[in-house]
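2 protein chains.
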Amino acid sequence: METIKLKNSNRKPTEISEIFVQSIKQATEKKSGLLALHEPVFLGNEKKYLNECIESSFVSSAGPFTDKFEKDLIKLLGVKYAVAMSSGTAALHIALLSVGVKPNDEVLTTPLTFVATSNAIRYVNAYPLFIDVEMETFGIDPNRLANFLKKQTISRNGELFNRVTNRRISCILPTHVFGIPCKIQEIVKIAKTYNLKVVEDASEALMSRVNEISAGGFGDVGVLSFNGNKIITTGGGGALITNSKVLAKKAKHLSTTAKLAHPWDFIHDEVGYNYRMPNINAALGAAQLEMAKTILIKKKNLFEKYKETFRNIKFGRLMLPPSNMEWNYWLFCFQLSNENKQYRDNILDYSNINNVMARPIWELMTNLKAFEVFDVENIPNAKLLRETIISIPSGANFK
Amino acid sequence: METIKLKNSNRKPTEISEIFVQSIKQATEKKSGLLALHEPVFLGNEKKYLNECIESSFVSSAGPFTDKFEKDLIKLLGVKYAVAMSSGTAALHIALLSVGVKPNDEVLTTPLTFVATSNAIRYVNAYPLFIDVEMETFGIDPNRLANFLKKQTISRNGELFNRVTNRRISCILPTHVFGIPCKIQEIVKIAKTYNLKVVEDASEALMSRVNEISAGGFGDVGVLSFNGNKIITTGGGGALITNSKVLAKKAKHLSTTAKLAHPWDFIHDEVGYNYRMPNINAALGAAQLEMAKTILIKKKNLFEKYKETFRNIKFGRLMLPPSNMEWNYWLFCFQLSNENKQYRDNILDYSNINNVMARPIWELMTNLKAFEVFDVENIPNAKLLRETIISIPSGANFK
Numbered sequence: 001m002e003t004i005k006l007k008n009s010n011r012k013p014t015e016i017s018e019i020f021v022q023s024i025k026q027a028t029e030k031k032s033g034l035l036a037l038h039e040p041v042f043l044g045n046e047k048k049y050l051n052e053c054i055e056s057s058f059v060s061s062a063g064p065f066t067d068k069f070e071k072d073l074i075k076l077l078g079v080k081y082a083v084a085m086s087s088g089t090a091a092l093h094i095a096l097l098s099v100g101v102k103p104n105d106e107v108l109t110t111p112l113t114f115v116a117t118s119n120a121i122r123y124v125n126a127y128p129l130f131i132d133v134e135m136e137t138f139g140i141d142p143n144r145l146a147n148f149l150k151k152q153t154i155s156r157n158g159e160l161f162n163r164v165t166n167r168r169i170s171c172i173l174p175t176h177v178f179g180i181p182c183k184i185q186e187i188v189k190i191a192k193t194y195n196l197k198v199v200e201d202a203s204e205a206l207m208s209r210v211n212e213i214s215a216g217g218f219g220d221v222g223v224l225s226f227n228g229n230k231i232i233t234t235g236g237g238g239a240l241i242t243n244s245k246v247l248a249k250k251a252k253h254l255s256t257t258a259k260l261a262h263p264w265d266f267i268h269d270e271v272g273y274n275y276r277m278p279n280i281n282a283a284l285g286a287a288q289l290e291m292a293k294t295i296l297i298k299k300k301n302l303f304e305k306y307k308e309t310f311r312n313i314k315f316g317r318l319m320l321p322p323s324n325m326e327w328n329y330w331l332f333c334f335q336l337s338n339e340n341k342q343y344r345d346n347i348l349d350y351s352n353i354n355n356v357m358a359r360p361i362w363e364l365m366t367n368l369k370a371f372e373v374f375d376v377e378n379i380p381n382a383k384l385l386r387e388t389i390i391s392i393p394s395g396a397n398f399k
Numbered sequence: 001m002e003t004i005k006l007k008n009s010n011r012k013p014t015e016i017s018e019i020f021v022q023s024i025k026q027a028t029e030k031k032s033g034l035l036a037l038h039e040p041v042f043l044g045n046e047k048k049y050l051n052e053c054i055e056s057s058f059v060s061s062a063g064p065f066t067d068k069f070e071k072d073l074i075k076l077l078g079v080k081y082a083v084a085m086s087s088g089t090a091a092l093h094i095a096l097l098s099v100g101v102k103p104n105d106e107v108l109t110t111p112l113t114f115v116a117t118s119n120a121i122r123y124v125n126a127y128p129l130f131i132d133v134e135m136e137t138f139g140i141d142p143n144r145l146a147n148f149l150k151k152q153t154i155s156r157n158g159e160l161f162n163r164v165t166n167r168r169i170s171c172i173l174p175t176h177v178f179g180i181p182c183k184i185q186e187i188v189k190i191a192k193t194y195n196l197k198v199v200e201d202a203s204e205a206l207m208s209r210v211n212e213i214s215a216g217g218f219g220d221v222g223v224l225s226f227n228g229n230k231i232i233t234t235g236g237g238g239a240l241i242t243n244s245k246v247l248a249k250k251a252k253h254l255s256t257t258a259k260l261a262h263p264w265d266f267i268h269d270e271v272g273y274n275y276r277m278p279n280i281n282a283a284l285g286a287a288q289l290e291m292a293k294t295i296l297i298k299k300k301n302l303f304e305k306y307k308e309t310f311r312n313i314k315f316g317r318l319m320l321p322p323s324n325m326e327w328n329y330w331l332f333c334f335q336l337s338n339e340n341k342q343y344r345d346n347i348l349d350y351s352n353i354n355n356v357m358a359r360p361i362w363e364l365m366t367n368l369k370a371f372e373v374f375d376v377e378n379i380p381n382a383k384l385l386r387e388t389i390i391s392i393p394s395g396a397n398f399k
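First to last, the sequence lines map onto chains A and B. Each residue of the first sequence is one higher than the one before, starting from 1 at the first, in this note's numbering. Each residue of the second sequence is one higher than the one before, starting from 1 at the first, in this note's numbering.
No lab work stands behind these hints, which were simulated from the structure alone. Each hint should be verified, as a subset may be incorrect.
Repeated chains share a single entry, so a pair holds when one copy, or any two copies, can fit it.
As the list claims (entries may be wrong) - Using 35 Å as the maximum straight-line C-alpha spacing, the simulated DSBU-like pairs for lysine-lysine come out as follows:
1. Lys245 to Lys369
2. Lys252 to Lys383
3. Lys341 to Lys305
4. Lys298 to Lys80
5. Lys192 to Lys249
6. Lys47 to Lys71
7. Lys30 to Lys399
8. Lys369 to Lys102
9. Lys102 to Lys399
10. Lys197 to Lys314
11. Lys399 to Lys12
Please build the complete structure, drawing on both the sequences and the hints.
Have a look at this one:
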């Protein structure tokens, strides 16, 4: 790999791309086959627990593994309550309903996230209001957030309103991008000042921590995902976590068709959802949770190898997490230098053609048809990250 | 069981309840333990396919079992397309969106159904408009439907409007209650006359047929459920079935976050949903589908036993399906005679205390808080069924 020690500024896109691909192959020690961005690893009781589901005939909702999964999650994260659901998206939806976001409200959120975050805001007929991110964590910039609230909002009868749209603003929904905790403590502090709820999108941030508090544990509620690409998987799944008994109860009620407890009757007291995690998915999740710390160590080891193989590259740099937090190493990314960002698509094309899954950061929410009509703040940082970031294979499946 | 040969009119509720419970225990040949309304039975490749998921690491979305499950479902039902989703509720939601139900539309539906049917209408911000059922199939009465459309609607520019509310009416959403096909052919005919779409809620009606066409195959789209209480289960799950390529494509797009195909980028062209069935749930479903016909035979056998044990009961009768269709024997029910309907709650209490799961038919949608505000037709038949029907253990798990 001596080529990567050369200066890259005069290189052609194909040469840069080849260096990029070789650096990844060297770190993962996988020379053939597809290098996926993520691939689940099953190291423990997965088969055993699934077989137990079949033996017991408990595969659907309300099974013993759903209880176990929730209890183990609570213990691992140090939060008081967890409600397991069928996806992270479902958990985001229920989270917004639980904290009381109403139709026509506005929710302050990030333009740099997976589409589920903004979709969930539309599910409750509210509108996303996008605040730019900062470059250290890729999360909502607390300074810009505070600035927006100071300049463009007014308080009436204890509720906050957007001066321009005249809509109520009820909630802040930040995302911990790639598992890196955003500046959540500052965001929560600002939320308290303005009497706003915080739904913390920790879909990618299972086991990331700040000051020994788990991501998802700072807001009124937090949301996790257990999709196949996450630290641990339940096939499809998610969870809402919270320290509030009232919100946990509300979330469980809404995610189980809002059915009232009764020995035999079917009474539902509001529009509810069929979002509870089936026992069979929780069985997989319970086995996965037992190995979560091992999985994290494997991911950390891969990241250390990337540090080495990307060390001398000049056309960009491997992004390092801020030092004042614990990262879960969910997704590693490489940032192109400004003079090389023009080659982003070449690198992405070349990598994917050569069996290396590489991805840009998500298209900005403000550029998607579903959200482009909504009020957009000036978002230079999000735009720069969209142009320069490339995610690379980050699984625990490599050596 | 000679007691059940006596006249029951002078009997006390406890005596009636005891006869009821004993008739169920005799038919199921289960003398102890809980007699569930349904319990999944695993007779085939369930463990094998689940273990294959773990071996291959395909557990999440877009796996080979999801494809297999859809293909096998298509073959079994004789429809052209199937899109597997995370629940029947999810499939109802996507069904309504796919056929073009818009916010503030009205959807003609039944007051006698599981709450998901009406909830899904509210998810798309439309309103349910309840039409009474008929007593033979418990489904929407085509005569009342035609009568309502004739009297209370007006056509403008090819669209139908409710004269009273002035809202557009875009769709009919009938349910095949307990798996018994409603008068779907008449309903579809009426829908065509008025240019309305039909979403067929066949959640409970997998493998029920009319004139050799599967329930769910008559409407523009049909919806199935594979919850733990259904004929076959995927843990939690559902599917949308259709003969329309356009609607199948739309449904798949909407249920996979409306993401556009691209080698590496994340572009979503509308608000979408995270509703696709994970591979692990489809693995269970694929094994279950292989045994579906065997399961049906077991259920039919139990029903024949109930016919025998309930034969001489005078305080009501076992409901028999109409002769001009094929029933899937999903849920059996007993109808109390009018003079004994006062004892419904006694029988339900007594049965459930004595480990026999018995259930009334659902609380009418018109009596639930979420829907009581909406325009309600006169619904005497639905009311009578709510007062007189008791569902009884119907699983394939009994001898």
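### Homomeric proximity label, Lys341 with Lys305: Cα distance no greater than 35 Å
within (24 Å within a copy, 74 Å between copies)
### Query
Quick one: Lys197 to Lys314, C-alpha cut-off 35 Å, is that within a copy, between copies, both, or neither?
neither (43 Å within a copy, 60 Å between copies)
### Query
At most 35 Å between C-alpha atoms: does Lys47 with Lys71 qualify within a copy, between copies, both, or neither?
both (20 Å within a copy, 26 Å between copies)
### Message
Cα distance capped at 35 Å. Does Lys245 pair with Lys369 within a copy, between copies, both, or neither?
### Response
between (38 Å within a copy, 24 Å between copies)
#### Entry: Up to 35 Å CA-CA - Lys12 versus Lys399, copy category
Answer is within; shortest intra-copy Cα gap is 32 Å, inter-copy 73 Å.
### Task
Evaluate Lys369 and Lys102 at a C-alpha cut-off of 35 Å and name the case that applies: within, between, both or neither.
Both, since 23 Å and 18 Å are each at most 35 Å.
### Query
At most 35 Å between C-alpha atoms: does Lys102 with Lys399 qualify within a copy, between copies, both, or neither?
neither (48 Å within a copy, 51 Å between copies)
### Message
One pair to classify: Lys298 and Lys80, alpha carbons no more than 35 Å apart. Within, between, both, or neither?
### Response
Cα proximity of Lys298 and Lys80: one copy only (28 Å, versus 45 Å across).
### Task
Measure nothing new, just compare the shortest in-copy and cross-copy C-alpha distances for Lys252 and Lys383 to 35 Å and report within, between, both or neither.
between (38 Å within a copy, 30 Å between copies)
### Task
Please work out whether the CA atoms of Lys30 and Lys399 approach to 35 Å or closer within one copy, between two copies, in both situations, or in neither?
within (8 Å within a copy, 54 Å between copies)
### Task
Could you place Lys192 and Lys249 in one of the four classes (within, between, both, neither) given a Cα distance threshold of 35 Å?
within (23 Å within a copy, 45 Å between copies)
The structure fails to meet hints 9, 10 from the earlier list, while all remaining hints are met.
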